[in-house]
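A.B. asks: The chain contents come next:
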Amino acid sequence: MNELTRLARVRDEELTGQSSTEGARALLAAITAGHVEPAPAPRARRLGTPARRLLAGAAATAVLAAGAVLGPGLLSGPGGTAVYASTELDITREGGEWVARVKDAYAQYDAYTRGFAAVGLDVHLQIVPAGPSRAGGVVQSGVESAGGATGESTAMRTGSEPSGCVVGRPGCVLVIRLPVTFEGRAWVKLGRAARPGEAYEAPGRADAEGEPLEGVEIGGRTVGEVSAAARARGLEVVYQLITPSPNGGFSARPGQEASGVGPGWYVWDAESIRDGAVRLLVTKEHLARNPVRGEAFPTD
Amino acid sequence: MDDDRKIRFEAVYRQTYDRILGYAVRRCDSPEDAADVVAETFAIAWRRVDALPPGDEARLWLYGVARNVLANHRRGEHRRHARLVAFDAGLADLYARAHSPAHDPPADLEAVVQALAVLSDDDRELISLVAWEGLDHGEIAAVLGCSRNAVRIRLHRARRRLTKALAAAGVPAGRIVMETA
Chain A
16 MNELTRLARV RDEELTGQSS TEGARALLAA ITAGHVEPAP APRARRLGTP
66 ARRLLAGAAA TAVLAAGAVL GPGLLSGPGG TAVYASTELD ITREGGEWVA
116 RVKDAYAQYD AYTRGFAAVG LDVHLQIVPA GPSRAGGVVQ SGVESAGGAT
166 GESTAMRTGS EPSGCVVGRP GCVLVIRLPV TFEGRAWVKL GRAARPGEAY
216 EAPGRADAEG EPLEGVEIGG RTVGEVSAAA RARGLEVVYQ LITPSPNGGF
266 SARPGQEASG VGPGWYVWDA ESIRDGAVRL LVTKEHLARN PVRGEAFPTD
Chain B
49 MDDDRKIRFE AVYRQTYDRI LGYAVRRCDS PEDAADVVAE TFAIAWRRVD
99 ALPPGDEARL WLYGVARNVL ANHRRGEHRR HARLVAFDAG LADLYARAHS
149 PAHDPPADLE AVVQALAVLS DDDRELISLV AWEGLDHGEI AAVLGCSRNA
199 VRIRLHRARR RLTKALAAAG VPAGRIVMET A
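Which chain is which? The protein sequence lines are A and B, in order.
No gaps in the numbering here: position 95 of the first sequence is 110 in my numbering, and each next residue is one more.
No gaps in the numbering here: position 134 of the second sequence is 182 in my numbering, and each next residue is one more.
No wet-lab data here; the hints were simulated from the structure.
Don't take each hint at face value.
[To be verified] Per label pair, the in silico range of CB-to-CB distance: (1) A:Arg21 to B:Gly193: 23 to 31 Å; (2) A:Glu109 to B:Arg196: 45 to 53 Å; (3) A:Thr31 to B:Asp51: 44 to 52 Å; (4) B:Thr211 to A:Gly110: 51 to 59 Å.
For clarity, every value in this text was computed on a predicted model and none was experimentally measured.
No residue lacks a Cβ here, since even glycine has one placed at the ideal position from N, Cα and C.
With the hints as extra help, turn the sequences into a complete structure.
C.D. replies: See the structure below:
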């Protein structure tokens, strides 16, 4: 393989099948429903494709008028002012959307549910401790419309303010938007920065940026090699036995800690499970394809 | 009538999504940026579905759109606050799994990263279209909307500048293979 190809973050072959992922389907649905319509551009460009903006992004970020908030309650006001306000979250109506701004990512689950219910929304928000690479990201989400149809997760959008900040860090506000016409049930589980010693409910990718094994090659290496690298960094190591599925992917029975794991077993992925501890996903046999991450390992 | 447009768009989307995703992911440093480029590229395609060429040309046409979207993005002419939850989560996951060779290159590639960094955006894009998307001269011509001959000349010049930059960085040029058809 030549050097330039090796510089690619991903190769097209590794992306086969991405078009059928939930994310790809959500985008397709959003586009054809007109939710991601590009706006007209100031000037024409080559290929006749003007520079455009996403309408979705052009929504005015009406900043909540800072007023004294006297405990949770419904406040009446024209669009753009708070219709629900508490110390944990504010909900406003902006154009055709409900916009919830979560100010306290460490609040009890009930506090959020109450706020949403106050404006007639059935939204279940959980904010869970996550590994460094997943803090601020969506761990799981879904929407169930009034008719019982599920999966229309395009109705709900999340973000943070200031844009790109990590939920759970001081000053970072989580923003959730739903159309005012929304009549179903929505749930979203988000990762936040963990407190010291707190177990991650959403484990991180241990070799991702900011994670304890950042930069360590993991997939296809032996337990001996990876655990030595982990211990050299002062990490506690636990194991999870996984069973590769014939058509790709794998299964793992939680709690099935591989007793008798030897240094000659193989590691396919590593997760950070709390500060200072990683879990290695292992098999006894060497595999031609990484069941967790998909990359091929031709046996030499 | 609208149904026909939708069916046609969905077919193109399914056939080309992986490729456009790859194009964006390889060129964007963050999953958010890549998500914006993919979303806007296909949003433009949906709006201009009647202009979408048939067959594999659709892929090349979309690369051209993605290239413009990316250029606008880099110029800061693009802003997006709202996110599609499942789509963004997929991209974030992809980045979490992917290695980031341009930022943390293996020792033997550091010089190549340096050499590429000194090239102009246009040169780097031409070279990337060959090395990453695997396009030949005719295909690049379709993406850029210029003649095949113009591509040949521009690519020749880009390669010459890359060779020079590599030599300056101490890499023998023979190690870089980048010509296709």
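A.B. asks: Checked against the structure, which of the hints given earlier come out wrong?
C.D. replies: Of the numbered hints given earlier, the structure breaks just one, which is hint 3.
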